[in-house]
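Following the hints, complete the assembly by docking chains B and D onto the known chain V.
Chain residues, written in single-letter form:
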Amino acid sequence: MAIPINIPVRGPDATKPKRGAFRPTPDDASEDVRDKVLELEAAGEWIVQRVPAPYAEVTTKYGRLKKIPIQGSWHHKSCGQCGHIPGYSTSIFWLHRKLGLEYNDPRDQTSCTAWNYYASATSNSAAQAGVAMRNFAAAYETGYFPQIHCATSYGHYKEVRSELVHHKALRDQVRDLLRRMGRPFVIPEEIVHYSEWIYAVRHEIAKRTVLDLSAITTTVHPACHYYKLVQEDAIYDPDVYGGQRTAIVTAVVEALGAKVGDYSTWFDCCGFGFRHILVQRDFTRSFAVQRKIEVMREEVNPDVTLTHDTGCVTTLDKSQFAAQAHRGSVAAIPVMSEAQFAALAMGAHPYRVCQLHWHAADYRPLLEKMGIDWRERWREFEDDLERLKSEPGKVMTWDDADAAPVDPMLGPHPAHTAHGGR
Amino acid sequence: MAAATRERRVDVPFEEKASLFAEVQADPRFADYLYGCYECGICVAVCPSARFYDFSPRRIAQACAREDVELVWEQMNGEVWECSQCFSCLRCPRKNNPGGLVTIMREVAVRNGLHSAKAALEGYTRIIYKIMSTGTQVSPDMIRADAFPDWGPNAKETADNLALWRRAMPPETMHTTSASWEVDDKTLTELYFIWYSTGVMDMIRTLDESLHMILVDVMEEKLEEAGYPVS
Amino acid sequence: MLGGTVLIIGGGPAGLEAARGVADLGYKALLVEMRERLGGTPISANYAALTHGMRDAEEVLGEMVAAVTGHALVDVRLGTKVTGCAGAVGEFAVTLEHGGRPETVQVGAIIVATGFDHFDPGRASQQYGYYQYDDVITLQEAEAMLKTKQFVVPSKGLPPARVCFIQCVGSRDRHIGNEYCSKVCCGIASKQAIEIRQLLPDCKVFIFYIDMRMYGYWENEIYWPAQEKYKVNYIKGVISEITTKGDRLMIRGEDTTMNRPMEVPMDVVILSNGMEPSRGTKEIARTLGLTQNRYGFIETPHDSLDTVATSVPGIFAAGAATGPKDLDDTMGMAGSAAMKAVAAVRRATKAALA
Chain V
137 MAIPINIPVR GPDATKPKRG AFRPTPDDAS EDVRDKVLEL EAAGEWIVQR
187 VPAPYAEVTT KYGRLKKIPI QGSWHHKSCG QCGHIPGYST SIFWLHRKLG
237 LEYNDPRDQT SCTAWNYYAS ATSNSAAQAG VAMRNFAAAY ETGYFPQIHC
287 ATSYGHYKEV RSELVHHKAL RDQVRDLLRR MGRPFVIPEE IVHYSEWIYA
337 VRHEIAKRTV LDLSAITTTV HPACHYYKLV QEDAIYDPDV YGGQRTAIVT
387 AVVEALGAKV GDYSTWFDCC GFGFRHILVQ RDFTRSFAVQ RKIEVMREEV
437 NPDVTLTHDT GCVTTLDKSQ FAAQAHRGSV AAIPVMSEAQ FAALAMGAHP
487 YRVCQLHWHA ADYRPLLEKM GIDWRERWRE FEDDLERLKS EPGKVMTWDD
537 ADAAPVDPML GPHPAHTAHG GR
Chain B
19 MAAATRERRV DVPFEEKASL FAEVQADPRF ADYLYGCYEC GICVAVCPSA
69 RFYDFSPRRI AQACAREDVE LVWEQMNGEV WECSQCFSCL RCPRKNNPGG
119 LVTIMREVAV RNGLHSAKAA LEGYTRIIYK IMSTGTQVSP DMIRADAFPD
169 WGPNAKETAD NLALWRRAMP PETMHTTSAS WEVDDKTLTE LYFIWYSTGV
219 MDMIRTLDES LHMILVDVME EKLEEAGYPV S
Chain D
681 MLGGTVLIIG GGPAGLEAAR GVADLGYKAL LVEMRERLGG TPISANYAAL
731 THGMRDAEEV LGEMVAAVTG HALVDVRLGT KVTGCAGAVG EFAVTLEHGG
781 RPETVQVGAI IVATGFDHFD PGRASQQYGY YQYDDVITLQ EAEAMLKTKQ
831 FVVPSKGLPP ARVCFIQCVG SRDRHIGNEY CSKVCCGIAS KQAIEIRQLL
881 PDCKVFIFYI DMRMYGYWEN EIYWPAQEKY KVNYIKGVIS EITTKGDRLM
931 IRGEDTTMNR PMEVPMDVVI LSNGMEPSRG TKEIARTLGL TQNRYGFIET
981 PHDSLDTVAT SVPGIFAAGA ATGPKDLDDT MGMAGSAAMK AVAAVRRATK
1031 AALA
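Protein chains in written order, with the numbering used here: chain V, 137 to 558; chain B, 19 to 249; chain D, 681 to 1034.
Keep in mind that the hints were calculated from the coordinates and are not lab data.
One should not assume that every hint holds.
To spell it out: a stretch of chain B is covered by chain V in this simulated footprint if at least three of its residues, at any positions, have a beta carbon under 8 Å from a beta carbon of chain V; those stretches are [as the list claims (entries may be wrong)]:
id, stretch
1, 102 to 111
2, 121 to 130
3, 194 to 201
Below 20 Å or equal to it, Euclidean Cα-Cα: the simulated PhoX-like pairs (lysine-lysine) are [as the list claims (entries may be wrong)]:
id, chain 1, residue 1, chain 2, residue 2
4, V, Lys294, B, Lys113
5, D, Lys863, D, Lys916
6, D, Lys925, D, Lys836
7, B, Lys113, V, Lys172
8, D, Lys911, D, Lys884
9, D, Lys863, D, Lys909
Ideal Cβ positions, reconstructed from N, Cα and C, are used throughout, including at glycine.
The shape of chain V in the complex, shown without the other chains (with noise of 0.2 Å):
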């Protein structure tokens, strides 16, 4: 097993703006579809769901604020995340039981089905604003305020919303479909992904932190298609990277007090293809591992790599063992979201909560940096699994998840040293 190294990062400041920070004016806002929205409310076309108090405004690409809920969310999930990484969504819902904060989490909701249109256009603009809006009025109906797991089913529903906005005849289509499945037509005042939540209650989470994360260096791969679709409506923030990039994740980390180095193919997309990651791997391969995984780690050798997406988990978590295999022992950067981060630094269970089992590349020497005892929490699991294998039917719960004393401040077992024993 690899030995965890210690070398300076180049770069962590490279979040800190040299010239001062850019401050955009309301001037330099173009035209934004979310006044468009408004005015078909106001016209009759369709319903907006309100977002409801308390809210945080946040400062979007060309300075317009924008509303995110702080509770009353009804959460929609994302296959990849529930599918093959379930501690990306069991973390989220994590972090809103330890806020406080109450939420929705329903079985009538269907996947946006982005991934597939993506992969193989087997669907048309009808149909994925039918699937978008029928998830709409289901959030509608119950009183909360949507609240998107996916940074590609964000993406995708912004585009959805400027297509129904654009044109009527798609408007009229899809009105008639939800009227025949007697359901209203609404859309939210804001489409709302849940890294943004997780930004707007940062000093919340970073009060609630118990482990010492100023030794930890990370990188962060923003989604593409949470700020290169719709590009007005992303978070920017005059203190991270001088609002020069979208500050999603990265405001996050540095909340928590880990480092943030900087990479040269930061905007690079992280190669998930959605059909080549699932029919056409080398190119996905070849893509995270070259232009992310490589250059993350010539550059700046992070303990770990973080993202706000479901594909961008999945892609860069799994292509690593295949790079791997090739190119003989080479340490693997561990990769999650930062709600998971975010929870472990908090004291989250990381088998219980963060599902970390589920993950490819190893993690194992993250978590004795960050000071969880890995080997005890595993063992706990292992007894978990005992006591459900001998009780068929019976599942954890979430009392189950914070049961056994969690106290990471115990630090590591003695017959197990910091680095590299196993």
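Frame of chain V; chains B and D shown alone:
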């Protein structure tokens, strides 16, 4: 892709190619996706597929802008499947959307049953089945070592312990293996209704008859029970 | 005398030439400038050599200022703004403010010469990180260095080995909303490229462009010598992002004529940032009730037959207050505006006497 190559060499009449291009142009989104192009190359600079394949979003935009029916036909039968749909190309200063043009071109290819589309989606149909029938794109039971050998031993470990591991997580809706989360029956039925009403089922029939048959089996019963008209 | 004075707002090249023109025609010119110094943007932004004559900016503007300050018929008011206006051609009542003290003057015609501001690259639609990297600079920052007859890598203070220009920053862009071409940046970038090559013969210089806008004699006087004598490399393909690798900048683009993506290191990147209406132009348009076009510049008729008329009779505009203009345009417009302003005053005077 032998069938696709054969098809390209077979003399497809110009009128057919022209009518496919006309279908692309007639899509309501086309005008939003293509303004003018001044060949600045920003889209290629940011495109991940351009680094790996001989793919160029600039050439896609230019072919469409010049109404080059022959070139668009070539692209629709090949290149368009190389696009990774990341939409980095939306940085275009003219606000063109080459990735979006690709989406339209793919839809037209699928709708018209082009061999190249079927070839590109070979091996993918199990995913279509999963999303259309269960309402989630992937599922825990898809992680199998034989399906993802390059994902490492972690894939096998997951597959071997799947049923147990899926009970060992707190979220109430996620104790599932055949779908990512528990989807209500009513919700599924609404999803089927959306596929039928928007012409997607017809698209599937053109793409893959046997897939269509399997899906129809699953869907029509539920739709009839719920009282939705099934065409 | 009934409004025999022509008011000129703005003391840059357009305003100076207009004032001199009015005075040479024998009429009183009242030249109002909000800064404490005449010369306009070439002086305040430290321009080195002017495009395309390559004469030193400070020297040229010095001559223009001298022609005006020495003239008996020109009344120069520095540190003064126009804050109000009433009346019509022949008898405008304009309120001036200097040091907080207002004063009303009677003028017969007005010439607006309030110019442009340089586009702030923080708003660029491509990822240039202008606020993050010291070595990514604007055209005017490059000018300021060239004026001191040197050119160095800002973060290191040493001469660069590789420098590039990125054209069309803030112009020709639907995301930003500035869909127009800023007209002068191709010429200025080529001029600066020549100056850098003159100072640093071992430095490789690149210009990344969409189209090279080298009208008329700029082609043979600037573009051809830049390539042929000074070996400046022109590459068609605009840069999409700037990051760093080690302690050097990395730029990414497509070399479109060679059909391949490229990623290369640079020591200094100069953003050819375009023109936007200045704050002064936007304010004066509101104060005088002048129609602005959708970009905020003062609107003049589009039929090319009258380049200086505004929506208000008797008020004329010259120079970059109306849109992107080069120095040739500006001098021509200033003369035309002076002539038309004087004609307007004479007509009004005649009509009053009749």
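Does the structure break any of the earlier hints, and which numbers would those be?
As far as the earlier hints go, only 9 is violated by this structure.
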